[in-house]
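The chain contents come next:
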Amino acid sequence: MKLFSKGFSLGMIALLSVSLVAGCGTTPKAGSSDSSTPIKVGGNLELSGSTAMFGQGAKNAIQLAFDQQNAKGGVLNRQLTLVAADNKSDAGESTSAVTKLVSQDKVIAVIGSMTSSVTLAAIPVVTDSKIPMISPSGTNTKLTMDPATNAVRPWIFRACFIDPFQGQVAANFTLTNLKAKTAAVIIDQKSDYSKGLAESFVANFKKGTGTITGTEQYVGGSDKDFRSILTNIKAQNPDMVWLPGYYQEVGLIVKQARELGMTMPFMGGDGWDDPQLYNIAGDAALNNTFYVDHVATDDPALATFVSDYKAKYNNAPNAMAALGYDAANLLIKAIDDAKSTDSEKIRTALENMKGFKGVGGEITIDPKTHNPQKSAVIISNKDGKPVFVTRVAPQ
Amino acid sequence: MGNWFNRKNIVSLLGIVLLYAVVQGLIVQDIMPPFYKLTLIQICIYIILATSLNLINGITGQFSIGHAGFMAIGAYVSAIITAIQHGPLILGLLAGAIVAALAGLLVGLPTLRLKGDYLAIATLGFGEIVRIIFLNTEYVGGAAGFTLPSKITWTWAFGLMALSVILMKNFVGSTHGRACISIRENEIAAESMGVNTTKYKVMAFTMGAFFAGLAGGIYANYFYIIQPMTFNFILSFNILVMVVLGGLGSMTGGIFGAIVMTLASALLAGVPEWRNVITAVLLVLMMIFKPTGIMGTKEFSLNFLGKKSDKNAASKN
Amino acid sequence: MGSGIVTQIFQQIVNGLSLGSIYALIALGYTMVYGIIKLINFAHGDIMMVGAYSGWFAITVLHLPFLPALLFSMVACALLGVLIERIAYKPLRNASRIAALITAIGVSLFLEYGGMLLLTAQVRTYPPVFPGTMYIVGGVYFKYGDIVMLITSFVLMALLHFTVQYTKVGKAMRAVSFDQEAALLMGINTNNIISFTFAIGSALAAAAGVLMGVYFNTIDPLMGIIPGLKAFVAAVLGGIGIIPGAMVGGLMLGLIESIVSGFGASTWRDAVAFLILILVLIVKPSGLFGKNVREKV
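Protein chains in written order, with the numbering used here: chain A, 87 to 481; chain B, 1028 to 1344; chain C, 34 to 330.
No wet-lab data here; the hints were simulated from the structure.
Even for Gly, the Cβ is constructed at its ideal location relative to N, Cα and C.
Mixed in with the good hints there might be a few duds.
Stated by the list, open to error - Sample of chain B residues at the chain A side, in silico, Cβ under 8 Å:
1) P1060
2) A1170
3) T1174
What the hints assert, rightly or not - Listed below are the simulated BS3-like cross-link pairs for lysine-lysine, each with C-alpha atoms no more than 30 Å apart in a straight line:
4) C:K324 with C:K123
5) B:K1226 with C:K71
6) A:K431 with B:K1064
Please take these sequences and the hints and turn them into a complete structure.
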């Protein structure tokens, strides 16, 4: 046994040294312009962990976009390859993942991540390495604007609207259409997105002389029983409930609220948008609920994407997938506009992007903030189907 | 003082300096790929974590699986000092380690009566409570955490790692360390032989927590961002696996386990779903077939370099 | 229709009891296994998860009604429990506590990550199985499902208690938990008894899983972690190794959580559960119903 353990230990050390040396020797050359080599794009995505659904949906959609483009001959006559790295929905891993993409895999751009905190962790790395990064769905303002200097981050872009806009749209709708004077707020404490969106709604609601009756919090990703917090809110008797969370919890919350006899309207943001919402809450519970979203289902451009996605993956896409698709195509257009895979040229092309038609709406990037000026739509749920209510253009 | 300058120590020192210099040279010459540097610094952090946990679990035989809690405290305290209060790095690291050590004291004292499984669950609970406290504290950004500049370099990471290992190794070899080992072997016998078990158990927890806090500070100041969800039970468990893999009770084993696990994680980074399943299976297999780990309780020592009289006097572990 | 403070309190109590009955069901399995082989089966919460998925499979793919689906999942998990015990825990019966605990954690992770691999992180939903009838008593709402859960937990606990106290097998189980070697000498097949204990414990966890799936509607591969840990706290609170203790502990924990949420601190719920654990361990480790056993030197 002693010999075995000695041999085993030596073997392990040998194996590790070999792999270390082997790794050292095979660092690929930086983005070569040889027309036969594929263009490598990195995906720093949440493929496991608490928000794995977002990353996986986006990864599928990005791959779909690349496949479609490759079928047309690729871009600049070269094929596109997606190199996906899993950040495990964790900020620390995000730094590792994006470092690997940028330095080992030598990607020319990064698409990612889906949630704001995880994206934030990757920003220093791509900024140091001067690689452009597009976040498909990170809505927190800090992603593109550095709060310390109030200047735009030159290498970071996004394909979606930002929380302040979303909250404003929702608050106006609540005051005008729902005619609510009081509201209660339920926040997913684990999410930057949820907190930011709640703040924006509350600020705008109060400006319109609305009153907040109370705020409750839950821990996203693990809580399943919300009856206690709902009982508290029920006692406050608000006119409506603002629920800016993700669909998994939203479905359960709405269902349990109706079971407690709460009939007031519930409203939320783009995190509600997933076909599973109806399975979780049940059609009846979702009547008299609304949410702000990026896309309206009656938009013809979306229909093609949905059927293409379903054909390839056997599942309907969610909002994150649609945004991932747009981010991928946005990058493709930028490479095309720049007529080069040089990172600086792609960056400039992205900064000056105007009138890009994505499934999520038209994207025009504001060079001062790197945020697209996108309109939002308001969807209501009726008898198990999303119904378009109104579109709100950006001011 | 005089007998410090024997052949063994000089060779060890030379080895440490050489290792540092080689890597630093590669970094300065820009030959070292950034991902490798990241992995190497990660290894340093995990070495400190594994050896400090070994101090509690392996050397003193106290079953603690809440190590991530101490790391979290160290990370957050040092981050508050360096990022929010804009203090110097060394102050942040030290403060983080000290506060973590205090937490170790706080955990060690009341749990003295608990044994085995119960102690394990109590420490697990402690780790989770720490995480939830930070989750609910808006001052440190709550669930989203907060960002801070990255000030840790290879020099810092390696230097602190080497210092920590040397300090801990000295502790283990001293009379205090012997007392801890006696507690591990048979607590009641040790008590009746006059060893102050209370004092040493608490000492082990405090020291282990101190270094875990230091590792936490290094982590926070390198990875740009800290969030409560990083310091969960899975992290505690990973550190435990490193210690057990290397051999519970062996400091070198802890180092070895840390290196192997971190490298394996980096190598398997391309297949995340499989990586976790494989780790779990390997762990169970290892427990069934070789629960003492790779090195058991032996240490890698340079005893063969010592003089004959040294060899006889040197302790066989 | 403003609810008074009293209605609110009663509603929270109802919430707490139905939550607590789930913890109780899972805690029963924990307490039994610990009682017999002194192992904290970390994988127990994950067996509950497998139970939830088996039930889902039975209902949506095999189109079985509720009770047969419940039985299906209980049997499936009983087999899983025995399998795990034979493969992973039996070889370590005489090993150190640390090794056994690590193995248990390893099995737990294997079930979780294996589940993620096979089933992806996507939640699955249970089709509605119970009528959605709501009962309103004095402004307090409770569902048909609430009552079912409470009754099921009580029935299963009573069955278990009866089995352990009044049957031959139960006697053998008690003998093995008291002194394994002596039981062996008295002709009891300890291996079989241990396997039987695991089987029952896992079946109970499966029942909890199916009830959770039906009640909360969504299942995912990581759903067993937090309830598993909380059920362990419940078992310790009631007195580990003591069956009525697990039931009482579970209900109490559910109530406490509801009350904490009622005071607006719902994100501290998990921390409170762990705090209770630590307090119990420090003040009275044998739990509410346990007796202090002096350790002989």
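These are the hints, each one checked on the structure:
1. P1060: holds, 5 Å
2. A1170: Holds - the Cβ of A1170 of chain B comes within 8 Å of chain A, reaching about 4 Å at its closest.
3. T1174: holds, 6 Å
4. C:K324 with C:K123: holds, 28 Å
5. B:K1226 with C:K71: Measuring from Cα to Cα gives roughly 29 Å; hence the hint holds.
6. A:K431 with B:K1064: holds, 29 Å
Every hint, counting from the list given before, is met by this structure.
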